[in-house]
Structure formats: C-alpha cells, structure tokens
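Colleague: Single-letter residue listing:
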Amino acid sequence: METISTDVVIIGAGGAGLRAAIALAETDPTLRIALISKVYPMRSHTCAAEGGAAGVIKPDDSFDMHFDDTVGGGDWLSDQDCVEYFIHEAPKELLQLEHWGCPWNREADGSVAVRPFGGMKKKRTWFAADKSGFHILHTLFQTSLQFPSITRYDEYYALDLLVDGGRCQGVTAMEMRSGELRQFHAKAVIIAGGGAGRMFPFSTNGAIKTGDGMAMAYRAGAPLKDMEFVQYHPTGLPNTGSLLTEACRGEGGILVNKHGRRYLADYGMGPETPVGQPQLKTMELGPRDRVSQAYWHELQKGNTVTTQWGECVLLDMRHLGEKKINERLPLVRELAEAYLGVDIVKEAVPIRPVVHYMMGGISTNTAAATPLPGLFAAGECACVSLNGANRLGSNSLVELLVFGRRAALSAIEHVQGLPAPNAAALNARAEETRQRISELFSRSDGTESMSGLRKEMMDTMEKNVGIYRTEEGLQEGVNKIHELRQRYRRVILTDKTKVFNTDLFQVLELGSMLDCAEAVTVGALARKESRGAHQRLDYVERDDKNYLCHTMVYHQGLDVPRVDYLDVVITKSPPGVRDYSGDHK
Amino acid sequence: MKERTVQLEVLRYNPDTDTEAHFQRYEVVCQEEWVVLDALNKVKADIDPTLNYRWSCHMAVCGSCGMMINGEPKLSCHAFLRDYEGVIRVEPLAHFPIERDLVTAPDDFMEKLKRVKPYVIPKEKKPISEGEYKQTPAQLMKFRQYSMCINCMLCYAACPQYGLTPKFIGPAALTLAHRYNLDSRDGGRKERQEVVATHEGVWECTFVGACSEVCPAHVDPASALQQMKITSSIDWIVEHLIPGGKS
Amino acid sequence: MSRNPLVREVPPTTWYFRQPRYLRYMSREITSIFVGAYCVLLVVGLQRLSQGQAAWEAFLLALKSADSIVFHVLALAAAVYHAATWFNATQKAMPVQIGEDFVPGNVISGAHYVAWMVLSVAILYLAGVF
Numbered sequence: 000m001e002t003i004s005t006d007v008v009i010i011g012a013g014g015a016g017l018r019a020a021i022a023l024a025e026t027d028p029t030l031r032i033a034l035i036s037k038v039y040p041m042r043s044h045t046c047a048a049e050g051g052a053a054g055v056i057k058p059d060d061s062f063d064m065h066f067d068d069t070v071g072g073g074d075w076l077s078d079q080d081c082v083e084y085f086i087h088e089a090p091k092e093l094l095q096l097e098h099w100g101c102p103w104n105r106e107a108d109g110s111v112a113v114r115p116f117g118g119m120k121k122k123r124t125w126f127a128a129d130k131s132g133f134h135i136l137h138t139l140f141q142t143s144l145q146f147p148s149i150t151r152y153d154e155y156y157a158l159d160l161l162v163d164g165g166r167c168q169g170v171t172a173m174e175m176r177s178g179e180l181r182q183f184h185a186k187a188v189i190i191a192g193g194g195a196g197r198m199f200p201f202s203t204n205g206a207i208k209t210g211d212g213m214a215m216a217y218r219a220g221a222p223l224k225d226m227e228f229v230q231y232h233p234t235g236l237p238n239t240g241s242l243l244t245e246a247c248r249g250e251g252g253i254l255v256n257k258h259g260r261r262y263l264a265d266y267g268m269g270p271e272t273p274v275g276q277p278q279l280k281t282m283e284l285g286p287r288d289r290v291s292q293a294y295w296h297e298l299q300k301g302n303t304v305t306t307q308w309g310e311c312v313l314l315d316m317r318h319l320g321e322k323k324i325n326e327r328l329p330l331v332r333e334l335a336e337a338y339l340g341v342d343i344v345k346e347a348v349p350i351r352p353v354v355h356y357m358m359g360g361i362s363t364n365t366a367a368a369t370p371l372p373g374l375f376a377a378g379e380c381a382c383v384s385l386n387g388a389n390r391l392g393s394n395s396l397v398e399l400l401v402f403g404r405r406a407a408l409s410a411i412e413h414v415q416g417l418p419a420p421n422a423a424a425l426n427a428r429a430e431e432t433r434q435r436i437s438e439l440f441s442r443s444d445g446t447e448s449m450s451g452l453r454k455e456m457m458d459t460m461e462k463n464v465g466i467y468r469t470e471e472g473l474q475e476g477v478n479k480i481h482e483l484r485q486r487y488r489r490v491i492l493t494d495k496t497k498v499f500n501t502d503l504f505q506v507l508e509l510g511s512m513l514d515c516a517e518a519v520t521v522g523a524l525a526r527k528e529s530r531g532a533h534q535r536l537d538y539v540e541r542d543d544k545n546y547l548c549h550t551m552v553y554h555q556g557l558d559v560p561r562v563d564y565l566d567v568v569i570t571k572s573p574p575g576v577r578d579y580s581g582d583h584k
Numbered sequence: 000m001k002e003r004t005v006q007l008e009v010l011r012y013n014p015d016t017d018t019e020a021h022f023q024r025y026e027v028v029c030q031e032e033w034v035v036l037d038a039l040n041k042v043k044a045d046i047d048p049t050l051n052y053r054w055s056c057h058m059a060v061c062g063s064c065g066m067m068i069n070g071e072p073k074l075s076c077h078a079f080l081r082d083y084e085g086v087i088r089v090e091p092l093a094h095f096p097i098e099r100d101l102v103t104a105p106d107d108f109m110e111k112l113k114r115v116k117p118y119v120i121p122k123e124k125k126p127i128s129e130g131e132y133k134q135t136p137a138q139l140m141k142f143r144q145y146s147m148c149i150n151c152m153l154c155y156a157a158c159p160q161y162g163l164t165p166k167f168i169g170p171a172a173l174t175l176a177h178r179y180n181l182d183s184r185d186g187g188r189k190e191r192q193e194v195v196a197t198h199e200g201v202w203e204c205t206f207v208g209a210c211s212e213v214c215p216a217h218v219d220p221a222s223a224l225q226q227m228k229i230t231s232s233i234d235w236i237v238e239h240l241i242p243g244g245k246s
Numbered sequence: 000m001s002r003n004p005l006v007r008e009v010p011p012t013t014w015y016f017r018q019p020r021y022l023r024y025m026s027r028e029i030t031s032i033f034v035g036a037y038c039v040l041l042v043v044g045l046q047r048l049s050q051g052q053a054a055w056e057a058f059l060l061a062l063k064s065a066d067s068i069v070f071h072v073l074a075l076a077a078a079v080y081h082a083a084t085w086f087n088a089t090q091k092a093m094p095v096q097i098g099e100d101f102v103p104g105n106v107i108s109g110a111h112y113v114a115w116m117v118l119s120v121a122i123l124y125l126a127g128v129f
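Each protein sequence line maps, in turn, to chains Z, A and V.
Taking numbering that gives the first Met the number 0, the leading residue of the first sequence gets 0, the next gets one more, and so forth.
Taking numbering that gives the first Met the number 0, the leading residue of the second sequence gets 0, the next gets one more, and so forth.
Taking numbering that gives the first Met the number 0, the leading residue of the third sequence gets 0, the next gets one more, and so forth.
Treat the hints as calculated values from the structure; they're not laboratory data.
Using N, Cα and C, we set each Cβ at its ideal position, and we do this for glycine too.
As a list, the in silico BS3-like pairs of lysine-lysine whose alpha-carbon atoms are at most 30 Å apart:
no., chain 1, residue 1, chain 2, residue 2
1, A, K122, Z, K57
2, Z, K57, A, K124
3, A, K113, A, K189
4, A, K1, A, K43
5, Z, K121, A, K125
6, Z, K323, A, K133
7, A, K166, A, K189
8, Z, K121, Z, K322
9, A, K133, Z, K322
10, Z, K495, A, K43
11, Z, K91, A, K124
12, A, K1, Z, K300
13, Z, K122, Z, K571
14, Z, K57, A, K133
15, A, K133, Z, K120
16, Z, K462, A, K43
17, Z, K91, A, K141
18, A, K228, A, K166
19, A, K125, Z, K57
20, A, K124, Z, K122
21, Z, K57, Z, K91
22, Z, K91, A, K133
23, Z, K479, A, K41
24, A, K122, A, K133
25, Z, K91, A, K125
26, Z, K122, A, K133
27, Z, K322, A, K141
Sample of chain V residues lacking proximity to chain A, with all beta carbon distances greater than 10 Å (derived):
no., residue
28, G51
29, W55
30, E56
31, A65
32, L73
33, A76
34, A83
35, S119
36, A126
If we strip away everything but chain Z, and leave its shape as in the complex, we get (with noise of 0.2 Å):
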C-alpha cells in the first residue's frame, strides 16, 4: 500500500473543508496539506444549500442579539461560549468571503445585503440570490486553487482513521478510479465530510451525504454528540425532497392549509402577520423545529392538502410578483417547474417537512477538537454545539467558514513540535483497512444486499424517528438498526471490480449510515424529554432538570453503543422560554 506523508489530512472538500485547507495553507506556506474527498470539491454539498449566511453587518444589529437569537433557537442546548465566539468570527469570515470574490447581492449603495430569516431578531442573512452555497462553495474551490502547498487527492474515499499511541495521525483512503488503497500519514487529521441525511428516506442531502465522516471518528473512538437532534426543514418538493429555501418566507412567503389558513398562528407563532410583509422571528418567520412541528398537527386534524405526492401544505408565494421572485428567488422558480409542474409566480406550491440537516455529531470543544488528540472536524460532520437542539436557517454556512478555519488554526497550533510518526504502528493500522476492504470482495456468504437492508434502514428511521417519536417506536428503531447492523456482516458485494466500483462505496456508505443511524435511535431513545428537533409525544416538556446536557454516543463494536451525558455550556442565558409569537413584541 502506497503511504502519502503529509502535515495535515483534511477529509472532505465542501465548505468547511475547503476553508480549513486554505486556512492553514495561509497561516503555515510551509505545512504540506491533503485534501481528500469522495467527489470533486465542487460537486460537495455546501453547494445546494439556498437561502444565505447570518453574521451581524448592519447598524441596527447586535452580536448580543445574534447570540440571543441563535441559543434560543437551539432550546437552550448550544454551549453559549461556542455560539459567543462564533457570532464575533461570522461577519469577519463573510467579509473574508466577499473578498475572495464571492458574489453577494448588494444594496444600492454597494454594500452588502440582507435578508430576514426563520428564527432571527434582525435581518442578518447574507445572500447570493438562492444560491447562497453554491456561490460559497465555488469561491472557496477557486480560491484553493491559488496555493500550492495544498495536494488535492479528488475521488479518493476514506475508510478508517489511523490512530496509534491515543494520538489520531493519518487516515487510509482508496482511490475510487484505480480502486488501490493508500494510507496517508499526518500530524493531524480534520474531518469535514458533511451529514447523514441519508439515512433517511426522504431527505433534501444529495447522494454522497452518508456520514462516512462522522462514523470514521465514531469508530476510532470519538464520541457522536446530540445525534437525535435531526431537523426537518419545513418546506420540501413533495416528490423530490428539494429544498425550498426558507428566503422563500423570508421575502414574504406565506403558509396556508387545505382552508387556506395560515396555521402557524394555531401553534404559538401567531397573531398573523399582514400578507407579503413578513415579521421577524414570527409567524412564517418561525424557527424550523416548530414549523415543521405545526405541519404534524395539521396532519393529524386532517387540514393537509392531499396530492399525488403525499400529505402537504401549500407555500403561497405570488404576491410576490414575478420581478421579485426572479431576482430573488430564481432557483426555487426553476425547481418547483421542473420537478413538479408548478409556476411559483401562478400557483401556490405544495410542500412538505424533509429531513435536512444533522444537528449532532463528532463531538467538538469550541476550538473545533475532538476528545481524540490530533483529529479535529468542522462542518455538519462535527457537533461544536454552535446549533444546540434546532439550527437557526442560515447559521450553517457561516458555521462551515467559522469553525473550518477554527480546525486549521488548532491543527497548526497541534502539529508544532510533534515528533514523526510511527510508521510501522501505522502501516499496522492500515492493514487492518486492507483486510477488511479484501474479506468484502472475497465474501463468498453473503446473504444481505445492500440495497435491500438500505431500503430498511430508512423505512424504519422514517417510521420510527420523525418529527414526533415515542418510547415505543423508538424502541423498534433502536432494536431494527442493531439487527441492520449485525445483518450488514453479511451484506452482498456483487461488483468485484477495482475500477470506480460504486457497488463497493454504496456498501461501505450503508455501513457509515448504520453506525450513524444507531447513535441517532439510541441517542433519541434515551432523551426521555421534548427539546428542539427533538420531540416526544410521552414527554412533551423540556427538562432542563435532568437533560440540560448533550447526549455522548461512544462505539461499542457490534454491540448497542454506550450513552454518555456532557454537560451544557452556560455562560449568560439561562434556559428561558422559546417565544415566537408576534404579541411578545
């Protein structure tokens, strides 16, 4: 097996990866940096997200607001001195952004513009039309290009972690075009490899969102934090699961059931606000957990409208005018033509709640660490408790940029004075990965194929780990993911060939999804409370008594994972109530 020594491995190439590697590549020249991922840097996810990047830029703005806004939107769960120093980092990495040419919408006078968004006091979301991610992604991809000290290792999949004397110091990865393994060894190793939406069924996460990043730490040890916390974004394609932005809301978006009421205001987000002049942190304004929550109930009393694509509600976005919907919300026009038939500027769309973004996973302190010396992560893969038990639209960009310079920073910090590695130790690790990968192709008992136990992993995280989940039906998820999980010894690799072998990466992707999707059921089975994202029918109430800390998932092998408690940060806001409704102010 090839080795390919090197500083720093950073394994993933979308946003937060891309600004870790430029990071270091700006602070160190001299530092040798690997950019490995799964799929060129541009076809990352990052670039799918829509709506736009908070960070405090206009005068009637404050960071004290910001900081109020993004606690209270994550129910108290965020560790406060993470979100203090992330909401002072956000408009310096936004502005950084802007000056690498990302192509925000500006104000008349030049300045950069903003728009309101679910959940935030104050218009504070820096956009690039509804291509906010896409615009964020490629600046970033196009300004790596301008240093040589970063080697891209493109279409590369990592498979384990190469850990030796506590100390993380390299990772083994095969080439997906070649099929050939290399081991590459570092001072230090930043994960940045996206979510695990994938899990689920129905999801707005592109394919290549399979947690691999988050189940490589997992299982070298790491701790998963806070997985049950998965939210749904209240406004999908009914049939896709593409997102519609919430800027669709933000520029005056209304939602209304089949009687064409605007039901939020039955759910504590109301009085109404008057059509096409939305209201911050109200109404349609409202943060995602509880929007998506209020779709449930109208579910349950029977006032969704019914459609060849489900149950939904209908997002009415007219009166808006065409001029405006073009200028800025061009992508979800397309979009809802495209894939559904329907003219925004015509009809009111139908939409339903879609699993979107993982507010958990590898456990982080606010220097972006993992508890494994010599691994940090950043990104959706990592849990720094920036979101707490529901992310606020629109802080996760920043959060890419904040927290993916914040990793860069503390491996440079990690690697000073570090001895070389253990080769031998390593090369011993690495082995490991070349016999696991080979017994796969040369398993002559498998019984299992992947698509079929796919197929029941997400049915089984649908039926049993939604938007409102019981003791009961969170005991069947925990049971059915563990029975996957052994069953997945026996999963069928049909495809033997080396070359771009995408038989092989959907099996191990399955398999990161597994141990993902065990530390989400197991996590959530043992929150016996309702908190953010997370909501229970047989605990309806927060308790801040016995839960006011985040959930630690540690691997166990095959066996159910052991759960761990940490507690939560809480620096000058006390636990308080979630307030959404326009009479409060």
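With chain Z's structure known, arrange chains A and V on it following the hints.
Modeller: Chains A and V alone, transformed into the frame defined by chain Z:
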C-alpha cells in the same frame, strides 16, 4: 402517479474485461414524472448493482451527473422522461476518457480551470477590518451570469472544437476567467490574458455556440468567449497600432 | 487489473453529422466561401477595369451568363444567411448594460439589421439606383 416502462440503452465499459464499450438494454418501470437519473438509480438498486455513474444533489446544482442522453449532453437529474419517447440512449459525456460505464475522467478540465486563475487577484488589497469592497448591483449584474457555472462540463461535451483540439481551454474555464475579469474587485485580467488570448484560449473558439445551448445553468459561455475575443483584439490594436499604446 | 481509460476519438471529417447544431454551424461556415468568392470576383472586375474598356466590357458580358447569374443568386443567399448569423451573434458579443439590466438581445441584433438596411439604401442611392 402514472407508471411507464422505459427502455434504457446504457453504454457499458469495464476496463477489467472489455476492450470496447457496448450498449446494454434495461427495462425499467418508472414514474412518469421521473428523470433519467431516477431510472438509473432504479437499475442500480433493483436490476444491476454493477452499473456505475456519478450523481449527488438531484437538483441540477452539483454538476455530477452529466451524460449524453440520446446524443445530447444533459444533467441526468434534469432530463425528464416525459421529454423522451422510445428507447433512451445513455452514454458517458463525450470528449472525456471513459473510466468505466458512465464515469469519465475530468482531469483535463480540472487542469484547465486552474490555468485561467479563477479567483480574485485584487486590484487593491485591503484588510478585512476595513469592510467589504463596495460593489453596486449594476457591477454585480455585469458578471453574475458568468459566476453561475456549475462545472458540469456539458459544454465541453458539446463543443466540437474541444473534441477535435483537446488543447483548447474550453468554454467553462474561459468563461470563469471572464467572470473574474468583469468583477469590479479584480485586477488580474492582464495575468489571465497570457492564457486566455492565445490559440489555446479564445482564438480556438469558432463560435459553434453549442456550449450555450446545452448549459443547464444559463451561463452562455459562447457570449463570454466572443466578448473576450473583442477585448483581446482591442488589446492587440492598442499594443501594436497605437503609438505609445504598449503598456 | 487497474485503470484503462477508453478514449473515443472524434471522427475528424464527419463529426458535423453528429448533431443538427453542428450541421447548422458548418452551413454558416460554408457560406463564407461564397462571400469570399464574390470578393474575388469584385477584385477581378477591378482588374479588368484597369485593363481598359474592352476587358471591362467582356467582363460585364460574362456576368450576364447563366452560370454567373446562378452564382450570384447563390452568393446573395449565402451572404444574407451569413450576415443574419453574424447579426444574431452581436447580441452575445456586444451586450449593452443600462443600470442593472441588459438591453434585450433582439434589440441589439435588430439595431444591426436597421443599420444594414440604412447603409444598403445609402449605397444604392449613391450608385444611382433611385
């Protein structure tokens, strides 16, 4: 939802066993509203796990799933079954080496993209602490269309010049050079001209216009390249014909 | 076994039959042959003129032959087609931005058609047609 049985004829190539590519026929039960990618996914899950192709976002923004569909470069996530009758022929993107099945090697494009320096080379550097570079909406609109390129390479598959003369830097990369040249924050046009205003650059383009016709992001690379020819010509005139024009 | 990328060569002489848009492109390019040939004809005419009246009149006579008329009709058609493709291209090559918005492409192309008409009329006028 209406169902429909679709005949897919997919180009297969396995470097382990094949010396030539060949077509394989699949019969797939599909929903009428599906895209070609959905049909391929169904083949992969239920019929033939050994079929290989790239895809991710399913919303025409990641640029992974470019293929030739009935001879036309398309994103398979944006190729609607309703637009096709009879057998649908699916092949890998033209003009790129086939790694396996529908998977091509985009190395050449990646190399060319880097050569055009697609990043801001600041006209005047300033620290972040001094805030943003002011850019009016009109200045933004000047280049915005050209910043929409998703690097899907459909334009390369459509461009006969690229197919015949692989040294041609090609539509997408040149368009990105133009995008930065037009950006009010950028001062790097002269540096880029060394690559752009050459026979491998815009002068290899004969304005077939196919790039713009197939572009799924409405970028219109053909227009960018023609504009660059004009500015390059003006550069030449200034340099060679106007006394003292040489900078 | 490992990688063995397959390169499918583009047929250098028949590629333009692959797609209708390539044929359209080739037909546009071919029209330039007629435009070029007509230019050569004009130069020959000038040369004949310089050679004196007899040469010039022989040239005029040759222009009236059936072959010549067929050629002129073809050349005219080709020139018109070539000009039309050229004018349609102007909207791509010369976008005009006013404020945030771009002038619609057909306005730019249309302006070229108008200019073409005006110039043609002016030349015909100078030539004494009117």
